[in-house]
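S.K.: These are the residues of each chain, in order.
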Amino acid sequence: MRIPALCLVLLGLGGCTRLEPDIIGQAGSGSGVGSDASASPDTVLVATYNLSIGYEVESLIASDLTNDTVAWHQASRILDQYIASRPLGRVRAAAEAIARHCPDLVGLQETENLRVTSGRTDVPTVPFLDSLLSWLAAHPGDCSRRYAVLRSPLNVTGRSLSRSDRPDVAPLGLHFEEGNAILYDAGQWSVTDSSTIMFDDLLRTELLGKLMSSERAVQYGRLVHQRPDGRRFAYQVWNSHLEVLSSTRKNQAAEMQIIMSNRRDWSAGQILLGDLNDSAFSSTLRIFTGNGWSDAWLLDPGSQAGITCCASSGWLNKVTSPTGGKTRRIDYILSQGADTAFSTAIALDSFVTVDSGNVVFPSDHAMVLAKLRFRVKVP
Amino acid sequence: MIAGLLACLSALHGLDLKPFDLDAGISEGYNHYEAADLNKVMVLLEQTTREASGFNHYNVTGFDGHPATQAWLGMTKGDWRFGLEMEFWTETFAQKDVPFDAENPDRKVRITCADLYAAADTLSTRAGCLDAQETFRFIPITLQVAWMPKWKSWLRSGAGYGFGVLAGDASLNLHTVYLGPGSAKPDRISLEIVPTPLVAFVHKAWVSTEVLPLSWLGFEMRGGWRYTKLGGLEIDKREGESRVLDLIFDNPKAGDRLYVRNPSGYPEQTTLFIGTPGEAKAQSRYDFHQVTGDFSGWFVSLGVNFHWGIE
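So the sequences go chain by chain: A and B.
To get the numbering used here, take the position in the first sequence, counting from 1, and add 407.
To get the numbering used here, take the position in the second sequence, counting from 1, and add 16.
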């Protein structure tokens, strides 16, 4: 009963938004780069969604994880948080949000796979992407799409942790993966090219006691949209999650722009999805907007403030306000070649109840959606 | 030493240098330089701390010169003066109690280490404090010749030129204390940084006036221009560990060089990069400029000279 009640309140405040099938606004035009007014139009609904990993990892940086006993305690604490966050419920809630809005493409960030291989049996294995796809296939709702995924696992590590102070305690075996993904409707879209291009400027930190790079990269996919009327449209889709540290983030943004420019296919529509970790008029975003990218939210701001991140109450993401304590707009849909964006929305209409009884969003980010109309010629 | 050497040389060549004055002196002065790259490094470090999660950044006030001490040994023969000068450039920058707080990276209010220590038991994530100290130690050594005619019995005035080498090193010491439940133990790192190549050439030219109240005692004032440029800076030795430094500069190690880096096409977007030439080359989306030490600039000094007549 709590979820519908909360949703009703949020709906009243504009928090729960459902995209309407009709054009609800044409607030502006795109940059026109790559667009051709004489070409047939194609309208696609795209989304970006940082699934978040559900537990805080800052402490890993300053903890002595080379010491197995310390690492064991840290890992155990994080696993407890992970269990309490109901990972399967959160992934299902995220899947519900996707099924409800039924986008053509979804850029996903922070997709993870945490497995405990020994030492504990109470930690559920929830590979985010596989669980998401399974749930979408089993519970499509009104969404008739057949989703497939372009995977980009980036962080892969594993470790067995033994307690030197308690040799009788079984070693804790962990395996961890994290990365980006592009979800697409395999019924109408086909992939003609894909790759993952790592950034040169990466923060390296310890994860589970091993020095490794952060999971920052550009995920690229060239996808062709096959419309029911037989027309085909090509898109270059870029998906990324830029670093938190400002100087590294700006470098990664510049790198991303260099990568995209070098691979630019002028006959294809351009879609950039991601958690860019900076505000709309920041120097990070200006790297993109200064190179012809249009921010879909600015083309059609809609009735919401566009806030997408981050839940102030931490990993539990308490639903305490219309924006769930979120205060920043850092998740973006950018485009080139789109002459119109409309029906942009922040999806705050999926919830899950965790062990504490709190009702939380699936992620500490909200899913952002935009319907874009492209006019591009495909050879 | 130089006088002795010249005396030996003159003896070998049958020259009679006598009489001459054996000279020794010491002076204090100020060396000015632009040191554009080093200042850039300081600004980038300041920028990094400002942008890093929760740091109270330190302020750069400019690194454009320093006091210097010179010691001189030589000889004066007629209007000419020959000698060897050794300078001592030592400068220390210290920054104590720089707090960082990953719990609240967006905070606007300046906090202190005392604030963090007071709240250490309640910090839910990780915070800490660090002390940093950078020390520069460089020794330019030049062989000098000066034309210093005696205009009056109490006054010499003229100009000179020196040529030699500059060698030395710099060090960075960082001590970090991590606060909060389950935090890591304090760590300490020391990096020794040397120029590449190890020595650089130095040219000096100056004008000088020496007042001689006594025949054996002179007060000399010099002003001139120095040209010297270090080709680059390289980490020679690393001792200890630093989680903070390793995170920001990707585990700096012996053999790494200091570069200013910018993404190609974004010249204004510079960051400090520490790595090997191979690692720099592998980052094809960036332009690299090795940090050089340009110590060219003007100098002034005031010294006292002692002269012993050798018959």
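Treat the hints as calculated values from the structure; they're not laboratory data.
Incorrect hints may appear among the rest.
[To be verified] No more than 25 Å apart at the CA atoms, straight line, and that leaves these computed lysine to any residue pairs for SDA-like:
hint, chain 1, residue 1, chain 2, residue 2
1, B, Lys-269, A, Ser-690
2, B, Lys-56, B, Lys-201
3, B, Lys-269, A, Met-605
4, B, Lys-253, B, Ile-155
5, B, Lys-201, A, Met-605
6, B, Lys-297, A, Arg-570
7, B, Lys-269, A, Thr-564
8, B, Lys-201, A, Gly-565
9, B, Lys-112, B, Leu-89
10, B, Lys-269, A, Arg-570
11, B, Lys-112, B, Gly-94
12, B, Lys-201, A, Arg-573
13, B, Lys-269, B, Val-114
14, B, Lys-56, B, Ser-173
15, B, Lys-201, A, Ser-567
16, B, Lys-34, B, Ala-130
17, B, Lys-56, B, Leu-228
18, B, Lys-168, B, Ala-84
19, B, Lys-56, A, Val-651
20, B, Lys-201, A, Asn-474
21, B, Lys-269, A, Ser-654
22, B, Lys-297, A, Ile-666
23, B, Lys-297, A, Ser-567
24, B, Lys-56, A, Ser-654
25, B, Lys-56, A, Asn-474
[Unchecked claim] Computed, partial: chain B to chain A, Cβ under 7 Å:
hint, residue
26, Pro-283
27, Gln-285
28, Thr-287
29, Gln-299
30, Arg-301
31, Phe-304
For each residue, glycine too, the CB sits at the ideal point set by N, CA and C.
S.K.: Would you mind marking each hint as holding or not holding in the structure?
M.R.: Consistency of the hints with the structure:
This hinted pair does not check out: Lys-269(B) and Ser-690(A) have alpha carbons roughly 32 Å apart, beyond 25 Å. With a C-alpha separation of about 32 Å, the suggested pair Lys-56(B) and Lys-201(B) falls outside the 25 Å cut-off, and the hint is violated. For the given pair, Lys-269(B) sits about 23 Å from Met-605(A) by alpha-carbon distance, which is consistent with the 25 Å threshold. As the CA atoms of Lys-253(B) and Ile-155(B) are separated by approximately 20 Å, the hinted pair is consistent with the 25 Å bound.
Restraint check for Lys-201(B) and Met-605(A): not satisfied, since their Cα atoms lie roughly 33 Å apart, outside the 25 Å limit. A C-alpha spacing of about 43 Å is found between Lys-297(B) and Arg-570(A), which places the hinted pair above 25 Å, so the restraint is violated. Proposed proximity of Lys-269(B) and Thr-564(A) is supported: the alpha carbons are some 24 Å apart, at most 25 Å. Taking the CA atoms of Lys-201(B) and Gly-565(A), the gap is near 24 Å; set against the 25 Å cutoff, the hint holds.
A C-alpha spacing of about 40 Å is found between Lys-112(B) and Leu-89(B), which places the hinted pair above 25 Å, so the restraint is violated. Restraint check for Lys-269(B) and Arg-570(A): not satisfied, since their Cα atoms lie roughly 31 Å apart, outside the 25 Å limit. Taken as a hint, the Lys-112(B) and Gly-94(B) pair is broken in the structure, with Cα atoms around 54 Å apart against an allowance of 25 Å. For the proposed pair Lys-201(B) and Arg-573(A), the alpha carbon gap of about 21 Å is at most 25 Å, so the pair holds.
Between Lys-269(B) and Val-114(B) the CA atoms are separated by roughly 23 Å; this keeps the pair inside 25 Å, and the hint holds. With a CA separation close to 39 Å, the supplied pair Lys-56(B) and Ser-173(B) exceeds the 25 Å bound. Under the criterion of a C-alpha separation no larger than 25 Å, the hint pairing Lys-201(B) with Ser-567(A) is consistent with the structure, at around 22 Å. Between the alpha carbons of Lys-34(B) and Ala-130(B) the distance comes to roughly 69 Å, so the proposed pair goes past 25 Å and is violated.
Distance hint between Lys-56(B) and Leu-228(B) is unfulfilled; the C-alpha atoms sit about 44 Å from each other, more than 25 Å. Distance check on the hinted pair: Lys-168(B) and Ala-84(B) sit about 30 Å apart at the alpha-carbon level, beyond 25 Å; violated. Restraint check: the Cα-Cα separation between Lys-56(B) and Val-651(A) comes to about 23 Å, which is no more than 25 Å; the hinted pair holds. Our distance criterion of 25 Å between C-alpha atoms is met by Lys-201(B) and Asn-474(A), whose separation comes to about 11 Å.
Distance hint between Lys-269(B) and Ser-654(A) is fulfilled; the C-alpha atoms sit about 21 Å from each other, no more than 25 Å. Taking the CA atoms of Lys-297(B) and Ile-666(A), the gap is near 17 Å; set against the 25 Å cutoff, the hint holds. Straight-line distance between C-alpha atoms of Lys-297(B) and Ser-567(A) comes to about 36 Å, which puts the hinted pair past the 25 Å bound. Distance check on the hinted pair: Lys-56(B) and Ser-654(A) sit about 15 Å apart at the alpha-carbon level, within 25 Å; holds.
For the suggested pair Lys-56(B) and Asn-474(A), the alpha carbons sit about 38 Å apart, so the restraint of at most 25 Å is broken. At a threshold of 7 Å, the smallest CB-CB gap from Pro-283(B) to chain A is about 11 Å, leaving the interface hint violated. Nearest Cβ of chain A to the Cβ of Gln-285(B): about 6 Å, under the 7 Å cut. The hint holds. With a cut of 7 Å, the hint placing Thr-287(B) at the interface with chain A holds, because the nearest CB-to-CB distance is about 5 Å.
The beta carbon of Gln-299(B) is positioned within 7 Å of a beta carbon in chain A (closest approach about 4 Å), and the interface hint is therefore held. The interface hint given for Arg-301(B) holds, since its Cβ lies 5 Å from the closest Cβ of chain A, which is under the 7 Å cut-off. With a cut of 7 Å, the hint placing Phe-304(B) at the interface with chain A is violated, because the nearest CB-to-CB distance is about 11 Å.
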